[in-house]
Amino acid sequence: MAQTAESLQPAKRKSHSLPYWVEPTFTVLALGLFGLYTLWLVFFQSSGQFHNYLSPFFSPTESWGIKVLPAIWVLWSPLLFRATCYYYRKEIYRGFLHDPMSCAVPEKRKHYFGETRFPFSWTNLHRWFWYVAVIVLVFLWIDAVQAFIFNGHFGVGLGSLIMLANVILLSAYTFSCHAFRHLIGGGSQKFTCADGRPTTRYKLWNRISAWNENHGTYAWISMFFVWFTDVYIRLLMHGVIHDVRFF
Amino acid sequence: MREEIAYHEYDVLVIGAGGAGLRAAIESAENGLKTAVLGKSLLGKAHTVMAEGGVAAALGNLDPQDGWETHFYDTMRSGHFINDYRMAEVHAKESPDRVLELEYWGAVFDRTPDGKIMQRPFGAHTFRRLAHVGDRTGKELIRTLEQKILTVKVDIFQEITATKLFKDQDRIAGCIAYYREDGRLAVFTAKAVVIATGGWGKAYKVTSNSWESTGDGAALAFRAGAELADMEMVQFHPTGMTWPPGVRGILVTEGVRGEGGLLFNSEGERFMEKYDPVRKELSSRDVVARSIYKEVRAGRGTPHGGAWLDITHKGAAFVKRKLPGMYEQFMALADVDITKTRFEVAPTIHYTMGGLRVDAYTASTNVPGLFAAGECAAGLHGANRLGGNSLSDILVFGRRAGAGATEYAKNSAMPKIDNAEVQAEVERVLAPLSRSEGENPYRLHEDLQEIMAAHVGIERNGPELEKGLARLQELRERTANMRAPGSRQFNPGWHSVFDVQNMCLLGEAIVRGAIERKESRGAQWRTDFPDELEEQGKVNYVQQVTDKGIVVRPEPVPPMPAELAELFTRGVAPGLANAARKE
Amino acid sequence: MPEDITLSVFRGDKGGGDEVEYKVPMQTGMVVLDALHFIQAHDAPDLAVRWNCKAAHCGSCSAEINGSLKLLCKTRVDDYVGEVIHVRPMHTFPVIKDLVTDVSWNYDMLRQVPAFQPAIKAPFTLQQRDVDRIQEFRNCIECFLCQNVCHVLRDHSAQDRYWGPRLMIRFAELEMHPLDTGDRMELLKGAAGIGMCNITKCCTVVCPQGINITDNGIIPLKERVADVYWDPLGGLVRKMHK
Numbered sequence: 092m093a094q095t096a097e098s099l100q101p102a103k104r105k106s107h108s109l110p111y112w113v114e115p116t117f118t119v120l121a122l123g124l125f126g127l128y129t130l131w132l133v134f135f136q137s138s139g140q141f142h143n144y145l146s147p148f149f150s151p152t153e154s155w156g157i158k159v160l161p162a163i164w165v166l167w168s169p170l171l172f173r174a175t176c177y178y179y180r181k182e183i184y185r186g187f188l189h190d191p192m193s194c195a196v197p198e199k200r201k202h203y204f205g206e207t208r209f210p211f212s213w214t215n216l217h218r219w220f221w222y223v224a225v226i227v228l229v230f231l232w233i234d235a236v237q238a239f240i241f242n243g244h245f246g247v248g249l250g251s252l253i254m255l256a257n258v259i260l261l262s263a264y265t266f267s268c269h270a271f272r273h274l275i276g277g278g279s280q281k282f283t284c285a286d287g288r289p290t291t292r293y294k295l296w297n298r299i300s301a302w303n304e305n306h307g308t309y310a311w312i313s314m315f316f317v318w319f320t321d322v323y324i325r326l327l328m329h330g331v332i333h334d335v336r337f338f
Numbered sequence: 027m028r029e030e031i032a033y034h035e036y037d038v039l040v041i042g043a044g045g046a047g048l049r050a051a052i053e054s055a056e057n058g059l060k061t062a063v064l065g066k067s068l069l070g071k072a073h074t075v076m077a078e079g080g081v082a083a084a085l086g087n088l089d090p091q092d093g094w095e096t097h098f099y100d101t102m103r104s105g106h107f108i109n110d111y112r113m114a115e116v117h118a119k120e121s122p123d124r125v126l127e128l129e130y131w132g133a134v135f136d137r138t139p140d141g142k143i144m145q146r147p148f149g150a151h152t153f154r155r156l157a158h159v160g161d162r163t164g165k166e167l168i169r170t171l172e173q174k175i176l177t178v179k180v181d182i183f184q185e186i187t188a189t190k191l192f193k194d195q196d197r198i199a200g201c202i203a204y205y206r207e208d209g210r211l212a213v214f215t216a217k218a219v220v221i222a223t224g225g226w227g228k229a230y231k232v233t234s235n236s237w238e239s240t241g242d243g244a245a246l247a248f249r250a251g252a253e254l255a256d257m258e259m260v261q262f263h264p265t266g267m268t269w270p271p272g273v274r275g276i277l278v279t280e281g282v283r284g285e286g287g288l289l290f291n292s293e294g295e296r297f298m299e300k301y302d303p304v305r306k307e308l309s310s311r312d313v314v315a316r317s318i319y320k321e322v323r324a325g326r327g328t329p330h331g332g333a334w335l336d337i338t339h340k341g342a343a344f345v346k347r348k349l350p351g352m353y354e355q356f357m358a359l360a361d362v363d364i365t366k367t368r369f370e371v372a373p374t375i376h377y378t379m380g381g382l383r384v385d386a387y388t389a390s391t392n393v394p395g396l397f398a399a400g401e402c403a404a405g406l407h408g409a410n411r412l413g414g415n416s417l418s419d420i421l422v423f424g425r426r427a428g429a430g431a432t433e434y435a436k437n438s439a440m441p442k443i444d445n446a447e448v449q450a451e452v453e454r455v456l457a458p459l460s461r462s463e464g465e466n467p468y469r470l471h472e473d474l475q476e477i478m479a480a481h482v483g484i485e486r487n488g489p490e491l492e493k494g495l496a497r498l499q500e501l502r503e504r505t506a507n508m509r510a511p512g513s514r515q516f517n518p519g520w521h522s523v524f525d526v527q528n529m530c531l532l533g534e535a536i537v538r539g540a541i542e543r544k545e546s547r548g549a550q551w552r553t554d555f556p557d558e559l560e561e562q563g564k565v566n567y568v569q570q571v572t573d574k575g576i577v578v579r580p581e582p583v584p585p586m587p588a589e590l591a592e593l594f595t596r597g598v599a600p601g602l603a604n605a606a607r608k609e
Numbered sequence: 033m034p035e036d037i038t039l040s041v042f043r044g045d046k047g048g049g050d051e052v053e054y055k056v057p058m059q060t061g062m063v064v065l066d067a068l069h070f071i072q073a074h075d076a077p078d079l080a081v082r083w084n085c086k087a088a089h090c091g092s093c094s095a096e097i098n099g100s101l102k103l104l105c106k107t108r109v110d111d112y113v114g115e116v117i118h119v120r121p122m123h124t125f126p127v128i129k130d131l132v133t134d135v136s137w138n139y140d141m142l143r144q145v146p147a148f149q150p151a152i153k154a155p156f157t158l159q160q161r162d163v164d165r166i167q168e169f170r171n172c173i174e175c176f177l178c179q180n181v182c183h184v185l186r187d188h189s190a191q192d193r194y195w196g197p198r199l200m201i202r203f204a205e206l207e208m209h210p211l212d213t214g215d216r217m218e219l220l221k222g223a224a225g226i227g228m229c230n231i232t233k234c235c236t237v238v239c240p241q242g243i244n245i246t247d248n249g250i251i252p253l254k255e256r257v258a259d260v261y262w263d264p265l266g267g268l269v270r271k272m273h274k
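Protein chains in written order, with our numbering: chain A, 92 to 338; chain B, 27 to 609; chain C, 33 to 274.
Hint data in this document are derived by calculation from the structure and do not stem from the laboratory. As the structure is a computational prediction, the values presented were derived from the model and not from experiment. The beta-carbon is built from N, C-alpha and C at its ideal position, and this holds for glycine as well.
Going by beta-carbon spacing under 7 Å, a handful of chain B positions derived as facing chain C:
{"no.": "1", "residue": "67"}
{"no.": "2", "residue": "134"}
{"no.": "3", "residue": "519"}
Facing chain C, a subset of chain A residues (Cβ under 10 Å, in silico):
{"no.": "4", "residue": "184"}
{"no.": "5", "residue": "193"}
{"no.": "6", "residue": "195"}
{"no.": "7", "residue": "197"}
{"no.": "8", "residue": "199"}
{"no.": "9", "residue": "200"}
{"no.": "10", "residue": "202"}
{"no.": "11", "residue": "208"}
{"no.": "12", "residue": "213"}
{"no.": "13", "residue": "217"}
{"no.": "14", "residue": "273"}
{"no.": "15", "residue": "277"}
{"no.": "16", "residue": "278"}
{"no.": "17", "residue": "283"}
{"no.": "18", "residue": "288"}
{"no.": "19", "residue": "297"}
Derived DSSO-like pairs (lysine-lysine); straight-line CA-CA distance at most 30 Å:
{"no.": "20", "chain 1": "C", "residue 1": "221", "chain 2": "A", "residue 2": "201"}
{"no.": "21", "chain 1": "C", "residue 1": "153", "chain 2": "A", "residue 2": "294"}
{"no.": "22", "chain 1": "B", "residue 1": "231", "chain 2": "B", "residue 2": "493"}
{"no.": "23", "chain 1": "A", "residue 1": "281", "chain 2": "B", "residue 2": "348"}
{"no.": "24", "chain 1": "B", "residue 1": "348", "chain 2": "C", "residue 2": "106"}
{"no.": "25", "chain 1": "A", "residue 1": "281", "chain 2": "C", "residue 2": "153"}
{"no.": "26", "chain 1": "C", "residue 1": "106", "chain 2": "A", "residue 2": "181"}
Chain A on its own, in the form it takes in the complex (with noise of 0.2 Å):
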């Protein structure tokens, strides 16, 4: 089964839930700080390299001779991705804009036009900042490996291991994503080849279909992972601590 089953799940009894305002002011909490960090890395940090470790924030260095500030570079791309995706919208548009705060709660906001209009309807541009977020993402696994090489030679830090999982976590957030879902099957009505075996269109579906239903909690830790990677090597750099050599 490629759908989710929920109903094959009894009906649960009484859910002793949280209040409605925790999921939203959490959100807030979260988006917010993370907001105000990348903030402050663009306009107070040029730099995020520890030797062969390189923040995610500032990959790749590299910029063919384009001039902007040097976190901006790639930061955009992912940063519109996350925004046009389609569970932090659920997120944002709870959290921020009270629309709505929660189920059945009500809105005291007037006018409403969903994403019917701009900016909202550009969020139907997902799947082009997914296909940029692709092409960051082929460098910070170029990254990863770099973060095993030290000065030419194999070799397995605590910051490879973290850059690593890194690298693993943002894949798993970018293919698990609805508009990828629909691009690689979930667009094709029908998914049997003419002598009744399934198209490889409906088993990548099925996959992706099966990764979508953790989309949320990808799009969570991978965001913090990013996060702690940051500050793990910005800790390295100035010293606070030491990494870790396994071998």
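Once you've looked at the hints, dock chains B and C against the given chain A.
Chains B and C only, in chain A's frame:
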């Protein structure tokens, strides 16, 4: 103040918006007739949604030996041969087309590995025959018909209740109805009327039926002179829920036994081995229901008066995959995890085989211009209905009733409804609202259910039936004087006045039929006549309202022509016999 | 030892109304609908409530119980031990009387969706995998709780600009049918107003059938709209592919 009444004219008026009614309306509308459908509920909520197992049709997708002959054979045998063979034949021949038609209209059935419509086995069907969608086939069926009817030109009146049929001389002329929403009244004049209002299981307390199953159409038609047949045949489904009290009677699908569930009494004995050593739990519904009942009577019942049904040996994963609806139903409503523990079941009223006596080909009743299809009609199922045949019934005969009504309406002029009759009915309908003293309809409904359970339940005998008849007649007098305080705006107390009146009339017909049929056959089990008698098998008991009240008379069961009778002489089902012959 | 429970039920009509308290003796396994039936039989015979099957198959008895949107037949009274149970009609639809609301708008919209247009005559050859996703959508019982909770309809009353989650699911089951030849994209983007949905997922949360309305229905439809209106490159590729 004179009552404001809306007047409507239609070629074909369908009363009842379940599967049969919608199918009938689609047929007449597609033939270009001005058509209306009246329903007591919202569109798509009718009792059809409750059907779980599937729709029986000899498509032969899994068992190619299956064919209409075998389906016909199974239906007749299971009906103990008092069915109208012509209906059984038409039904068996046309069901596959009706199912495929649904698919063409957008129904999405489960599939076989080679991409055809999946079919599942069911009690007393020789082959795997029930086209289905998980355990929610009825919903798929009515949703498809709802979506279809929204695209054809039919006027749909939702939440409106008909209270009386009118006639112009002998022929049907239309009906009067009130809107549940605000009590407005409307008169519908129609060249042809199709009754498709379902059964009357709500006359009993322990039932799997929804509130709508109050037999309105059958009662209205009966009062208008139409004949009822086989009224004594009321099906008990062997497995309904017993506990907690609020859910008593809710259906536990036959699929539980189909997938391997076993029945035990309180002493841990698998008692079906005793009553039907060959088919055991998968015996026909009448046999299993009776067996559970006997065990309880012998003092071997479970705490809430039933039997244990156990499917735990199949493992949790299997149960959740095959019976997701049942798993959830017990979890949510009874706090019982059927994958881990056995659960209690007891017989519950499920279906009324009897009803309006109709022509097999046009679904017309004895009243010119009046047609009937679905559960409210009699003839197809005889003394016991096969699982899955009800859904195919409503499709096949819903369409035939629509076609019959179309044909009739095309060749007749618009009838006239006598205004005096309308005024008299308006007064009768509004009276309960203004009565200062009167019976409580809810209380009378409870009384009716108590009488039906006590005197004409699963086990019957002459003296009890006579007592029941006397009590019902007394109750019927009380129903003439019910009171419903409150306004005409969506007033359930007022609505139930008419439901109770209809059910009392039909309850009486059940008892009268049961008194006349002095034998045990299918759903009718009389302890004073415990055997199936050949002579009784040759008649249907037909009832009609005359000047002298309700008259019951035997009518001969139409004899099968030789080529059909021959199917029953081979000792095995036709499909199996053919297969054997080929080998 | 049956204790009494207290229900506070909305009584009124389009002119307004208020909650009225009733005491009902508690029974094992009782659902809120049972309690309302007890009130009808003993205290208020004209208490209006819509219901049919009492087994969560028909979707008639949608209401708001202590602020949650639920089916009355599936909500156990013992979930609210020690609390007053407030029962109110669906907020989004006009009240007819007490707990009964006028949901006819939903049927009017359903009528406007172009029906299934199969490419071939039945019988169809379709694999289970081809129909899995539309069977999920066809499990809808039309309780209209999703329509009720959807803030576009509930708070912004934008019925003229958005048809609501139930209708989106109807579009989805048609658009994803392997044999459907209809094209409803213009309607979906235009009058049906899929852009009004901001995927905040409350419809999915309240669905008593557990249909994943947002992830499996609305978002894939939004992507299909994007295919046509926001992706000229993809459109070109698809054209060449054909």
